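*Asks:* The lines below spell out each chain.
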Amino acid sequence: MSQYQEKVSSFVSHLLSNPGIQNDCPIIAEQTVLNFISTNREKLKENFKSPQFFAGVPASTIFQMIAEDLRRRTIDSVLPDIESMIESIDFTFLSDIYKGKYSPDYYVQIFKKYIKELIINAEARSGFNSSLNIIKSNALERYVGISFARHSPLYFELVRVQRNNLHTEEYVNYLKVLLLLKGSAFIKEELPPLSNSKVNIVNYKNDQRLLEQYLDLRSKKFAKILPGVTAEIFDMAIKCNLPATHLKPEDASARFLYIMSQRFQNYQDYKKIDRGAETPDKSWFSIMRKNAKYYGFDKRLLEDLFMLAGDNKW
Amino acid sequence: MKKYKLLENFIFLCIILVLVQTFLEDFSVVRSWSVDKRNILIISGFVFDLIFSIEFVVRSIANGVNRKFTDYFVNRRGWVDFLSSFPLLFLNSGPSLLIFLTGVNTVSLAGFGIMNALKVVKAIRVTRILRLIRIIKIFGKIHNTESAMAQHHTSVITTISVFSIILTLIMFSVLFVNPYSQIMNDKADHYKKIADTILETDQDTILTVKENARLHFKNQKDLLRVVYNEEDLIPYNEELAFEYHNFEDILVVKHKNFEFHFSLLGIHAKTAFQQLQNFFIIIVLVLAFSFVYTRHFAQSISDVMHIVNKGLRKKEYNLQVKIDERYEDHAVYKIARFYNEAYLPAKIKKVNTKKELSLKDMMNFKG
Numbered sequence: 000m001s002q003y004q005e006k007v008s009s010f011v012s013h014l015l016s017n018p019g020i021q022n023d024c025p026i027i028a029e030q031t032v033l034n035f036i037s038t039n040r041e042k043l044k045e046n047f048k049s050p051q052f053f054a055g056v057p058a059s060t061i062f063q064m065i066a067e068d069l070r071r072r073t074i075d076s077v078l079p080d081i082e083s084m085i086e087s088i089d090f091t092f093l094s095d096i097y098k099g100k101y102s103p104d105y106y107v108q109i110f111k112k113y114i115k116e117l118i119i120n121a122e123a124r125s126g127f128n129s130s131l132n133i134i135k136s137n138a139l140e141r142y143v144g145i146s147f148a149r150h151s152p153l154y155f156e157l158v159r160v161q162r163n164n165l166h167t168e169e170y171v172n173y174l175k176v177l178l179l180l181k182g183s184a185f186i187k188e189e190l191p192p193l194s195n196s197k198v199n200i201v202n203y204k205n206d207q208r209l210l211e212q213y214l215d216l217r218s219k220k221f222a223k224i225l226p227g228v229t230a231e232i233f234d235m236a237i238k239c240n241l242p243a244t245h246l247k248p249e250d251a252s253a254r255f256l257y258i259m260s261q262r263f264q265n266y267q268d269y270k271k272i273d274r275g276a277e278t279p280d281k282s283w284f285s286i287m288r289k290n291a292k293y294y295g296f297d298k299r300l301l302e303d304l305f306m307l308a309g310d311n312k313w
Numbered sequence: 000m001k002k003y004k005l006l007e008n009f010i011f012l013c014i015i016l017v018l019v020q021t022f023l024e025d026f027s028v029v030r031s032w033s034v035d036k037r038n039i040l041i042i043s044g045f046v047f048d049l050i051f052s053i054e055f056v057v058r059s060i061a062n063g064v065n066r067k068f069t070d071y072f073v074n075r076r077g078w079v080d081f082l083s084s085f086p087l088l089f090l091n092s093g094p095s096l097l098i099f100l101t102g103v104n105t106v107s108l109a110g111f112g113i114m115n116a117l118k119v120v121k122a123i124r125v126t127r128i129l130r131l132i133r134i135i136k137i138f139g140k141i142h143n144t145e146s147a148m149a150q151h152h153t154s155v156i157t158t159i160s161v162f163s164i165i166l167t168l169i170m171f172s173v174l175f176v177n178p179y180s181q182i183m184n185d186k187a188d189h190y191k192k193i194a195d196t197i198l199e200t201d202q203d204t205i206l207t208v209k210e211n212a213r214l215h216f217k218n219q220k221d222l223l224r225v226v227y228n229e230e231d232l233i234p235y236n237e238e239l240a241f242e243y244h245n246f247e248d249i250l251v252v253k254h255k256n257f258e259f260h261f262s263l264l265g266i267h268a269k270t271a272f273q274q275l276q277n278f279f280i281i282i283v284l285v286l287a288f289s290f291v292y293t294r295h296f297a298q299s300i301s302d303v304m305h306i307v308n309k310g311l312r313k314k315e316y317n318l319q320v321k322i323d324e325r326y327e328d329h330a331v332y333k334i335a336r337f338y339n340e341a342y343l344p345a346k347i348k349k350v351n352t353k354k355e356l357s358l359k360d361m362m363n364f365k366g
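Going down the list, the sequences are from chains A and B. So that you can map any letter, position 273 of the first sequence is 272 in numbering that gives the first Met the number 0, and since no number is skipped, the others follow by simple counting. So that you can map any letter, position 141 of the second sequence is 140 in numbering that gives the first Met the number 0, and since no number is skipped, the others follow by simple counting.
Careful: at least some of the hints might be erroneous.
[Stated by the list, open to error] Dumping the calculated EDC-like pairs for lysine to aspartate or glutamate here, alpha-carbon to alpha-carbon at most 20 Å:
(1) 289(A) with 242(B)
(2) 42(A) with 360(B)
(3) 359(B) with 41(A)
(4) 314(B) with 273(A)
(5) 312(A) with 323(B)
(6) 187(A) with 206(A)
(7) 312(A) with 324(B)
(8) 197(A) with 211(A)
(9) 314(B) with 268(A)
(10) 253(B) with 221(B)
(11) 313(B) with 23(A)
(12) 309(B) with 273(A)
(13) 42(A) with 355(B)
(14) 298(A) with 340(B)
(15) 292(A) with 340(B)
(16) 220(B) with 242(B)
(17) 359(B) with 45(A)
(18) 313(B) with 273(A)
(19) 255(B) with 231(B)
(20) 192(B) with 221(B)
(21) 313(B) with 268(A)
[Unchecked claim] Computed footprint of chain A on chain B; a stretch qualifies when at least three of its residues, placed anywhere within it, have a C-beta under 8 Å from a C-beta of chain A:
(22) 294 to 306
(23) 319 to 329
(24) 342 to 350
If you're looking for bench data, these hints aren't it; they were derived computationally from the structure. Computed from a prediction, not measured in an experiment: that's the story for all the values here. Cβ coordinates follow ideal geometry from the N, Cα and C atoms, glycine included.
All chains should be built: construct the whole structure from the sequences, respecting the hints.
*Replies:* Structure (structure tokens):
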């Protein structure tokens, strides 16, 4: 089989060099190729039988090899960025919760280790695209910073409603930690007594009653995996994957990051904004105000983000 | 294509230069430049008019071959090219060059009629400014208004305005006597009266008439030469007369036995100053339309339409239109508001913005 490994790798390189996706970030490119394979599975099976491709090897094996090759490439490409993201976070606020029992450096190490495992999961990996975009564009620093300075509704929700007394910088770091951990919701695990088979958040997304039990069990289990990270933080991180309708009023950080993750998932960096057009963030938040219910966004937060983006020409 | 672009750039350069030449031609008269320098301007004016006439012929032939001459002449401002080429060549710069080459350096009374006709024709010279319309595109690029729609509308309104002004100037020069020509006639009459007085009062001896005439005409600034019975009473001051006066700057008036050579420089300077004013009025008008109106048009119409069009056609383009509240009741902004508030939200929900590969992309894999 190893003789095909090289050919598979070359085939994946060929697909990734397509002009339509070659400039995309690796996570999006991986998704595009996987979607392509999934959509054209039957036709590809036929084509793979030709000597030009992989004659003599079962198509399912080739699909598996392609997926594996893509995953390896994506992880190799994205992991350094995520590690830099971890290094950029000031974990002092976590260290303070445990009164210095765990040093900030300790958190850098355990998060790096944890992310290496987490990123293997395709759905969790996919979520890192928006997280990396949020970090790269300094979106948290900008929006949280200006909101805290103005005491806008976002500040009110994050500080007063969620009852969080963190300072602006600490809050930004807290939100970054949530972004790192939110993909954990897609890890499948047995959660007795709720389920004896492996489940993740997708199984309970539409059942409010079971969802609460799931969140509770999941957070407690995670807290054991990462000593020094509270169950509340895990709970909030997992909730970042849920629409506002599934959340409580005090889950303000999750409602905020749910919006921001959607905003930055297919983030387009407009090199030049046409004259007469609104700025990208203002446009997006404005459009989403109309679609808030459809996507499950918190309309009040969207309104505020729209105002902040407009006032600051973001 | 490269040759065509080179030619276009050459024509653009000529347009800029001809405007400078038009300005200098009048400026040189206002500032009393020497005849040598002004002759260079006469020659250069002729060369430019010749270039533009050739350009018009070439464009006409090129479009005629493709049966597009009417379209070129009517819709693509071929008429502007025409008006600012042949009439100038035959009625203005051509005759000026001819007179310069034949070496005539004074205008006799008989020639004065021709000169007056030429003065009317001189008003046509402002049609050179019409060529500025051709380079509005450049202004568009300078301040980022590359919309063909904005350029077209600016071009139309500028053409209408500039052409109206030019037509008015030509009509005025044809229908009304130049007030400065009247001054010139009055002066001639004044000298004729003096001559009559001299002749009437002292008819005893020729010498007395000469002395009397010298006394009367000696300190007249605009009298370059006075001849009585073919004898110079006041001769030309060579330096003053021929270094600064060309053929059209000296007017010869004959009256009885007298011949008066007037300097027309002062009158020409006043006329040239008026033409400079007209020149700058038109230039400022064209610039104002190009910079202010084009910008306004782009901001309130073409930019809005450009964004809506882009959003309708490109599935990944989702920027909203900036609505100017002052004009929100305009149809353009009503469309933009609908695009912002109804179309884009629906588009984002319905249109799959995920990129897709096709089987074709895969089949050219070489293995």
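*Asks:* Work down the list of hints and note, for each, if the structure agrees.
*Replies:* Each hint, compared with the structure:
At roughly 80 Å between alpha-carbon atoms, residue 289(A) and residue 242(B) are farther apart than 20 Å, so this suggested pair is violated. A distance of roughly 13 Å separates the Cα atoms of residue 42(A) and residue 360(B); the hinted pair therefore holds under the 20 Å criterion. Proximity of residue 359(B) to residue 41(A) is assessed by CA-CA distance (about 15 Å); at most 20 Å being required, the pair is judged to hold. Proposed proximity of residue 314(B) and residue 273(A) is supported: the alpha carbons are some 16 Å apart, at most 20 Å.
Between residue 312(A) and residue 323(B) the CA atoms are separated by roughly 16 Å; this keeps the pair inside 20 Å, and the hint holds. Taking the CA atoms of residue 187(A) and residue 206(A), the gap is near 17 Å; set against the 20 Å cutoff, the hint holds. Taking the CA atoms of residue 312(A) and residue 324(B), the gap is about 18 Å. The hint holds against a cut of 20 Å. As the CA atoms of residue 197(A) and residue 211(A) are separated by approximately 17 Å, the hinted pair is consistent with the 20 Å bound.
About 15 Å separates the Cα atoms of residue 314(B) and residue 268(A), which keeps this hinted pair within 20 Å; it holds. Proximity of residue 253(B) to residue 221(B) is assessed by CA-CA distance (about 16 Å); at most 20 Å being required, the pair is judged to hold. Annotation: proposed proximity of residue 313(B) to residue 23(A) holds, straight-line Cα distance about 18 Å (limit 20 Å). Restraint check for residue 309(B) and residue 273(A): satisfied, since their Cα atoms lie roughly 10 Å apart, inside the 20 Å limit.
Among the hinted pairs, residue 42(A) with residue 355(B) is consistent with the structure: their alpha-carbon atoms are about 16 Å apart, no more than 20 Å. Between residue 298(A) and residue 340(B) the CA atoms are separated by roughly 15 Å; this keeps the pair inside 20 Å, and the hint holds. Using a Cα cut-off of 20 Å, the hinted pair residue 292(A) and residue 340(B) holds, with the two alpha carbons roughly 15 Å apart. Proximity of residue 220(B) to residue 242(B) is assessed by CA-CA distance (about 16 Å); at most 20 Å being required, the pair is judged to hold.
Restraint check: the Cα-Cα separation between residue 359(B) and residue 45(A) comes to about 14 Å, which is no more than 20 Å; the hinted pair holds. A C-alpha spacing of about 14 Å is found between residue 313(B) and residue 273(A), which places the hinted pair at or below 20 Å, so the restraint holds. Our distance criterion of 20 Å between C-alpha atoms is met by residue 255(B) and residue 231(B), whose separation comes to about 15 Å. Restraint check for residue 192(B) and residue 221(B): the C-alpha separation of about 16 Å stays at or below 20 Å, so the hint holds.
Distance check on the hinted pair: residue 313(B) and residue 268(A) sit about 16 Å apart at the alpha-carbon level, within 20 Å; holds. By the rule of at least three residues with a Cβ nearer than 8 Å to a Cβ of chain A, the coverage given for the segment 294 to 306 of chain B holds, with 6 such residues. Given a C-beta distance limit of less than 8 Å, the hint that chain A covers the segment 319 to 329 of chain B holds, as 3 residues qualify and 3 suffice. Look at the segment 342 to 350 of chain B against chain A: 4 of its residues bring a Cβ nearer than 8 Å to a Cβ of that chain, three or more, so the hint holds.
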